[in-house]
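Whole structure, please, built from the sequences with the hints as guidance.
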Amino acid sequence: MSLPMGRALREVFGEVVTELAASDPRIVMLDGDLGSSTRAQIFEDAFPERYYQMGIAEQNMLGVAAGMAEMGCVPFISTFVAFALHRPLDQIRVLVAQTGANVKITAGYTGLFTGRAGKTHQVVDDISIARAMPGMVVISPADEVETREVLAWSVAYDGPVFIRLVRDATQTLFQPGHRFQFGKVKVVREGGDVTLISTGTQTPRVVDAAEILAANGIEAHVVHVPTIKPLDEAGIVAAAERTGRVVTVEEHSVIGGLGGAVAETLSEHRPTRVDRIGIQDHYTESAADQELLDMYCLSAERVAQRVRKLLASTGTVRSCD
Amino acid sequence: MARPPATAEEIAALEDMARRIRVTVIRTVNRVKVGHVGGPLSSADILAALYGRLLRIRPSEPHWPDRDRFILSKGHSALGQYAAMALAGYFPLDEMFTFDQKGSRLQGHPDMNKLPGIDISTGSLGMGLSAGLGFALGARHLGRDVRTWVLLGDGECQEGQVWEAAHVAPRFAADSLIAIVDHNKFQQFGWRGQNAKDRLPPEEPGHLAARFAAFGWRVLEMDGHDMPAVLATLEAAAQPEGRPVAVIAHTLKGRGVSFMEGDYAWHMGVPTPEQFATAMAELGEPMEDAA
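So the sequence lines, in the order shown, correspond to chains D and H. This note's numbering numbers the first residue of the first sequence as 1 and each following residue consecutively. This note's numbering numbers the first residue of the second sequence as 322 and each following residue consecutively.
Read the hints as simulated data drawn from the structure, not as lab findings. Keep in mind that the hints are not guaranteed to be accurate.
The calculated label-pair distances, taken between Cβ atoms and stated as ranges, are [what the hints assert, rightly or not]: (1) 381(H) to 48(D): 37 to 47 Å; (2) 157(D) to 595(H): 30 to 40 Å; (3) 156(D) to 381(H): 50 to 60 Å; (4) 280(D) to 418(H): 53 to 63 Å; (5) 176(D) to 492(H): 53 to 63 Å; (6) 518(H) to 295(D): 55 to 65 Å.
As the structure is a computational prediction, the values presented were derived from the model and not from experiment. For every residue, glycine included, the Cβ atom is placed at its ideal position computed from N, Cα and C.
Right under this line is the structure:
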């Protein structure tokens with residue numbers, strides 16, 4: 001049994017920010033000419049006078065967002081993660097993170113699903129970069145339910161927030177009524193054999209992997225980490241103590257992302273073997289979504305296979321076969 | 322509403338404020354042995370006109386919501402802004418000597434989280450015009466009558482982000498946004514001219530004005546060291562006419578101190594005791610008050 005498919009996080013983004021704007025006049029949308037892709041166009045339809053088309057010029061867009069935020073607006077950013085974080089990185093560092101500007105960097109198209117756009121658009125190091133910035137909150141919601149919660153939370157929070165959104169439909173993990181708790185991990189499955197820690201839309205695939213493992217006699221403890229920064233260190237330590245063996249799984253580079261954050265925390269507070277499943281130290285390429293998940297060892301079947309091998313081995317297992 | 326023109330006395334007072342900004346910058350660098358000099362000196366008259374008259378500010382209430390915003394996009398000229406702010410009453414003049422020292426509010430580049438009165442932090446070149454456009458759009462969105470003044474360097478205009486902002490600002494008819502370019506014809510190092518000492522200017526003559534005009538901006542030019550011209554031009558710039566305004570201020574790097582004028586090496590530098598005495602004499606500052 002797999003978790004059911006849900007709606008794409010980008011659709012939820014366009015709808016929910018528009019809903020939030022209806023009751024909060026401070027909210028504005030700044031678009032880098034991708035509103036038709038990010039679904040910010042839903043906002044434009046509802047509030048054309050609050051939709052600031054900044055053109056294909058993202059360094060300026062982040063600077064304008066910082067200025068509008070300092071004036072008292074709550075700007076949301078509409079573009080792909082490559083142009084929301086990497087292109088304007090120094091602008092974010094100096095004008096947003098160092099100042100604590102109330103800018104919501106809603107980064108579209110994170111991870112592998114870019115509509116076959118390939119390595120320029122496939123960003124798998126955004127967690128590493130964003131979480132290294134003092135003052136930056138980094139959140140990767142699991143599904144449509146949690147995305148709705150996170151967006152609402154971000155408006156109530158005064159400060160810079162980096163939110164990872166996804167282009168294509170992914171599985172639904174949470175039931176309506178689920179409450180996002182900022183800075184807290186969420187145990188989504190209990191088990192005593194191995195702790196699987198994941199984030200974002202990878203978590204539902206890890207929950208499915210845990211069911212495959214259960215069929216093979218391995219009971220996984222699955223922990224979802226929506227807030228990567230600030231990290232719930234106590235929650236991570238408790239998750240590690242539960243089984244004494246940790247595997248992190250992320251649709252992101254194994255360098256400096258969730259796996260890096262978990263390893264940093266555990267090495268200081270409770271040294272534990274940590275294996276990291278994710279994109280290895282190379283660039284990715286175009287393919288269909290399911291092909292990408294299989295190629296990079298992130299589909300439920302591949303994750304389960306890899307975890308079984310890890311548990312059977314004393315060394316590291318890098319291959320995805 | 323335009324104010325009545327400045328009287329001769331008011332102009333003289335602003336000219337003296339500009340002189341005191343220059344004195345304060347050089348005294349500070351002489352004391353703390355660090356800091357940019359050339360840029361603050363070329364900007365001093367503009368800063369005096371702004372902080373002494375044109376900015377709608379309340380130095381005793383630096384977070385007054387409806388204040389004019391000022392952005393020093395050329396953040397390395399922080400000493401000039403700090404001197405102007407001190408003379409305008411934001412903080413005691415003696416605090417200048419904490420510049421760049423441990424624990425100081427007067428960081429090497431302006432920090433809004435440390436010094437009240439800094440509207441946004443700068444220091445990485447090319448960013449101020451975007452933030453200024455954000456202030457202008459944000460003020461309009463929130464229904465606030467706020468003008469935003471951004472002081473840029475001419476070397477800084479080599480940053481592509483300046484032209485991203487320049488391109489998009491006219492689309493929003495951001496006429497409360499006033500960009501002033503301190504066109505002092507030098508940058509830190511620049512292109513080599515006839516010899517190592519001879520550096521080429523960051524822009525060909527006329528190019529900055531032509532580029533802003535081509536992007537759809539209203540463009541004014543002025544002698545950035547002629548106080549009546551500075552006041553008249555900036556007053557005119559502040560009258561909204563449906564487009565953002567760029568004021569090209571023709572200035573001289575190191576203005577006011579003969580051996581600093583036009584010498585790229587005084588972008589940063591610490592004077593010798595003899596140079597310090599010469600500088601104070603040329604600026605009409607008695608030495609007993611200066612050190």
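How the hints compare with the structure:
{"no.": "1", "hint": "381(H) to 48(D): 37 to 47 Å", "verdict": "holds, 41 Å"}
{"no.": "2", "hint": "157(D) to 595(H): 30 to 40 Å", "verdict": "violated, 57 Å"}
{"no.": "3", "hint": "156(D) to 381(H): 50 to 60 Å", "verdict": "violated, 33 Å"}
{"no.": "4", "hint": "280(D) to 418(H): 53 to 63 Å", "verdict": "holds, 54 Å"}
{"no.": "5", "hint": "176(D) to 492(H): 53 to 63 Å", "verdict": "violated, 41 Å"}
{"no.": "6", "hint": "518(H) to 295(D): 55 to 65 Å", "verdict": "holds, 59 Å"}
Hints 2, 3 and 5 from the list above are not met by this structure, while the remaining hints are.
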